[in-house]
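Since each chain sits alone in its own frame, please combine them into the complex, following the hints.
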Amino acid sequence: NAGVMQNPRHLVRRRGQEARLRCSPMKGHSHVYWYRQLPEEGLKFMVYLQKENIIDESGMPKERFSAEFPKEGPSILRIQQVVRGDSAAYFCASSPPGLGNYNEQFFGPGTRLTVL
Amino acid sequence: DQQVKQNSPSLSVQEGRISILNCDYTNSMFDYFLWYKKYPAEGPTFLISISSIKDKNEDGRFTVFLNKSAKHLSLHIVPSQPGDSAVYFCAAENTGTASKLTFGTGTRLQVTL
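Sequence lines, in order, name chains S and X. So in my numbering, the last spot in the first sequence is 116, and the numbers never skip. So in my numbering, the last spot in the second sequence is 113, and the numbers never skip.
I should point out that these hints are in silico values taken from the structure, not numbers from a laboratory. A portion of the hints provided could be inaccurate.
Listed below are several chain S residues computed to face chain X (Cβ distance under 10 Å; list not exhaustive) [said to hold, decoys possible]: (1) G3; (2) H31; (3) Y33; (4) Q37; (5) E41; (6) G42; (7) K44; (8) V47; (9) S58; (10) A89; (11) F91; (12) C92; (13) S95; (14) N103; (15) E104; (16) G110.
Here are the simulated lysine-lysine pairs, BS3-like style, with alpha carbons at most 30 Å apart [unchecked claim]: (17) S:K27 <-> S:K71; (18) S:K44 <-> X:K68; (19) X:K5 <-> S:K44; (20) X:K37 <-> X:K5; (21) X:K38 <-> S:K44; (22) S:K71 <-> S:K44; (23) S:K44 <-> X:K56; (24) X:K38 <-> S:K51; (25) X:K37 <-> S:K27; (26) X:K56 <-> X:K68; (27) X:K71 <-> X:K54; (28) X:K71 <-> S:K44.
No residue lacks a Cβ here, since even glycine has one placed at the ideal position from N, Cα and C.
Excised from the complex, chain X in its bound form (with noise of 0.2 Å):
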């Protein structure tokens, strides 16, 4: 039961170009919404959050957008960087039990010179 979706396992974009990854939740509880970034063999790092009150969040060349009614979320990076290839995970939250987070499966981001 895969309650977090990101179906695109891969995506390649140009350097100075718009990124965008989305992500597919189907549980109507989760209320907060995480992007982390992977490089190989180390840990996720967190880049932005979103709570279900919101629709837009941004920080600097990240914006995560939220559309609640079709349990969507994005997250655009512009411009690109060759320092975000990387694996980017969506993560959801219900805050009303116990802090766990729901991964999704991963977007491998190739931005490429």
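Next up, chain S with everything else stripped away, as it sits in the complex (with noise of 0.2 Å):
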């Protein structure tokens, strides 16, 4: 399967625990980017990261959220100290590098997060 992996595909979380998800880009690809999806709403942009790099970290909340797309392996988004509004479907993408301005994200399944 060479499409943008995600997992844990569910997740479960009391208040106050840390929630880690992970993504693996397509091949070849090294551009990065989280979303979030609260019930009924479109995504949200969070952040936009290439290797060893954010990029764009501005639809990312203040506190207790981060990410990073190491020079190796998956790029995590971390949320620490969870509240049940982080409960949402965070979905990942990826898109190649060097193909200009105009390049299509694509996306993985998606980590549904759900906070007791």
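Quick look at the structure:
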């Protein structure tokens, strides 16, 4: 399967715990994006990363949320001290480098986070 | 501040007929527009896109029209098939800045037999 991989697909956490979401981009893709979808809403941009660099984190909440895309391994979205309002579907997308400005983003299946 | 709007939350169309999904945007800096299709419990799947230098792009049964002066785009699916039943999201991008997509809230299309 050469698509964007996300794990886990479902994650249940109690309030105050940490949630760690993983994303492996498509082969050859070096740009990773994280989006969040709340129930009955569209996807909202959170962060855009390239290898070892955060390019745009304008959609990330100021506290408790962080993201990384290390030189080796998947991209990680980390949510510390989760609250019920963090319950949502989190989607990762990737795009290839060097295709100019018009890049389709290819999405993974998402991680559904439920905070009890 | 909803910069991309899909004002119809749902649409029902008979098989074989045309489906028309609409999208409006407010940010004049957007210059690239995409349509994604989403099934439940799956990620969005890219369908078709259009840059602001064009007013139409066609790919098989799918055609996207862009009216820049009205800040409006539409997706036409003809003929509609039952497998087209899904939620369709319109997305927009300002390619001069970071490549984040701004999504609408989606339109649920139901294609009936």
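Going through the hints against the structure:
1. G3: 9 Å, holds
2. H31: Holds, about 7 Å.
3. Y33: 7 Å, holds
4. Q37: At 9 Å from the nearest chain X Cβ, Q37 of chain S passes the 10 Å test, so the hint holds.
5. E41: 6 Å, holds
6. G42: 4 Å, holds
7. K44: With a closest approach of 7 Å, the K44 of chain S hint holds.
8. V47: 9 Å, holds
9. S58: 8 Å, holds
10. A89: Where the cut-off is 10 Å and the nearest Cβ of chain X is about 9 Å from A89 of chain S, the hint holds.
11. F91: With a closest approach of 5 Å, the F91 of chain S hint holds.
12. C92: 8 Å, holds
13. S95: Check passed: Cβ of S95 of chain S comes within 7 Å of chain X, closer than 10 Å.
14. N103: This interface hint holds because 6 Å falls under the 10 Å limit.
15. E104: 5 Å, holds
16. G110: Holds: closest Cβ of chain X sits about 5 Å from G110 of chain S, inside 10 Å.
17. S:K27 <-> S:K71: Judged against 30 Å, a Cα distance of about 14 Å means the pair holds.
18. S:K44 <-> X:K68: This hinted pair holds, its Cα atoms lying about 24 Å apart.
19. X:K5 <-> S:K44: Satisfied, since the Cα-Cα distance of roughly 13 Å is no more than 30 Å.
20. X:K37 <-> X:K5: 16 Å, holds
21. X:K38 <-> S:K44: 15 Å, holds
22. S:K71 <-> S:K44: 26 Å, holds
23. S:K44 <-> X:K56: 27 Å, holds
24. X:K38 <-> S:K51: 28 Å, holds
25. X:K37 <-> S:K27: Given pair K37 of chain X, K27 of chain S holds - Cα atoms ~22 Å apart, limit 30 Å.
26. X:K56 <-> X:K68: 11 Å, holds
27. X:K71 <-> X:K54: Holds. K71 of chain X to K54 of chain X sits at ~13 Å (cutoff 30 Å).
28. X:K71 <-> S:K44: Satisfied, since the Cα-Cα distance of roughly 21 Å is no more than 30 Å.
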